[in-house]
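*Asks:* These protein sequences, in sequence, are chains A and B. Using the numbering used here, read the first sequence as starting at 192 and increasing by one per residue. Using the numbering used here, read the second sequence as starting at -15 and increasing by one per residue.
Among these hints, one or two may not hold up.
[Said to hold, decoys possible] Examples of chain B residues toward chain A, derived with CB under 10 Å: (1) A15; (2) A50; (3) P163.
[Claimed, not checked] Here are some chain B residues the structure puts well away from chain A; computed CB gaps all over 12 Å: (4) V2; (5) K42; (6) P45; (7) P93.
Hints in this document: simulated from the structure, not taken from any laboratory. For every residue, glycine included, the Cβ atom is placed at its ideal position computed from N, Cα and C.
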Amino acid sequence: MKKKLSAARLYIRRHPFSALTRAACTLSIAVAMFMLLYMVGDILIQGVPSLRLSLFEPVYTSDNQSMLPAIVNTLLITVMALLFAVPLGVFGAVYLSEYAKRDSFIVKLVRVTAETLSGIPSILYGLFGMMFYVGALKLGLSLVSGALTLGIMVLPLVLRTAEEALLAVPDSYREGSFGLGAGRLRTVMKIVLPPASSGILAGVMLSVGRIIGETAALIFTAGTFSQLPKNLLSSGRTLSVHMYVLSGEGLHIGEAYATAVVLLVLAASMNALSSALLKRLQGGQG
Amino acid sequence: MLGLKKLKPDKEKLMRFVFLFSACVCILAVALICIFLFGSGLPFFGKVNVWEFLTGTKWSPDTFDASNGVYQILPMIIGSLYVTAGAVVIGAPIGILSGVWLARFCPKPLLRPIKSAVALMAGVPSVVYGFFGITTLVPLIRNTFGGNGFSILTASVLLAMMILPTIIQLTHSALMAVPDSYFEGSLALGATKERTVFRAELRAAKSGILAAVVLGIGRAIGETMAVVMVAGNQPRMPKGLLKGIRTLTSNIVMEMGYAADMHREALIATGVVLFVFILLINLCFSALNRRQTQ
């Protein structure tokens, strides 16, 4: 009889505590994955059938709950926020990795402040944007205010990923370039930045994902106006804000589910794009 | 030729300055945020007793004459602490054990899909979590435990879900940074794989894992939209796990839209309190990180 015990049962009998801890680990990941699958499954199952053409009409009415204006606003805010954050983030990273001495005071200060920025919750960015852009700079409740607020919010993310990408470029590239007589600027622009570009782009995609998903920082900076914007200084809600308003009303559950599907698909594809870029980068090096 | 030669170093210098300036924008941003938050919050502390603001339990804004309202935020502070503690109690064990599983027990073909799933979980927008909370968790809690479903418990469960990916990813990378010699040494001494992971490797990765939990705490206390959608938002002292509560973040987001004068200042002061919490948490996080890298 005893010989018939399987290896697993033998292990449980010999090391009950070890078997128990491993079971706990497996159970935990199973719970985590179950939660994710349940949420995604629920939203897809209820949301996809509610996707109707009327949800994509150019004019929002309380009947159609169209999300097209919100999608346009999201696009505009994303582009503007990136125009702000990507040059600053990438150039800042260039300074940190190519120009500054590793332990200089300014590098440490930038590190600490970037870390602080990435820990600040979005509602505080919203408060800041409301007081600084909307109030002090008199930009009003507008797409520009919202975009600049989000630009600061994603700046540390762009900076950190770009710096990591630049540091991953082997020093021999730089030495070769210097050896051929190129200056520092040319070395950076022609030799170091190109191989780092997929890493930088991966960080940009992550930022896009965060911008698309952001709500709290936008309510008091870009506002909740539900139509297509006349210009960049008019108020407008992004898809996430639209989703928040919809689910708060509690009247249009089907439409809210459909909006959640679009939001989820957008955020997930940004994530997937980012990790695909990183994978390509690692594949190229290995 | 001569002109070109003169131009070149100038361009170098100019771009060097541009790069330096870009790097300093982070410093500038933090300075501006501090100036605007503290600058707009401090006048309020001049008008009211700070101690009463922090420890009083009555929040009743007056919409007609804002200076008549009573602004005390202890219920919101306690509310934030309760939902955050709840999220950590539920999320940290599941997150850490999942991280351990991912780093040490995961069968190879499953590694990539599960890692992407965790990344997806981190990328889901917080409104979507909130919406899931309203449509699924709230009825679930209402039907299983009673109450109306908008409660501390609901918010804690939802926040636990949201901080899970952070804790899983950071635990995973903390464990991956433990040198292989720990694993080999412990196995050679006759310990099982599980005993090795839990007694030797987890101990070595301790500060990294603590940092993961601290980062999770920061996320949870700062989360706004998901909490405001499921927590009930009553500005009163917490009365039980199944009763509603308002957090610091939801206090701001709910009332800022129509607040004026003193009421608005009180909300900004709420933001200042939240900011101080976040700065303290950040401090802990970077201290732990430094210990991990040493």
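*Asks:* Going back to the hint list, which numbers does this structure go against?
*Replies:* Going through the list in order, the structure violates hints 2, 3, 4 and respects the others.
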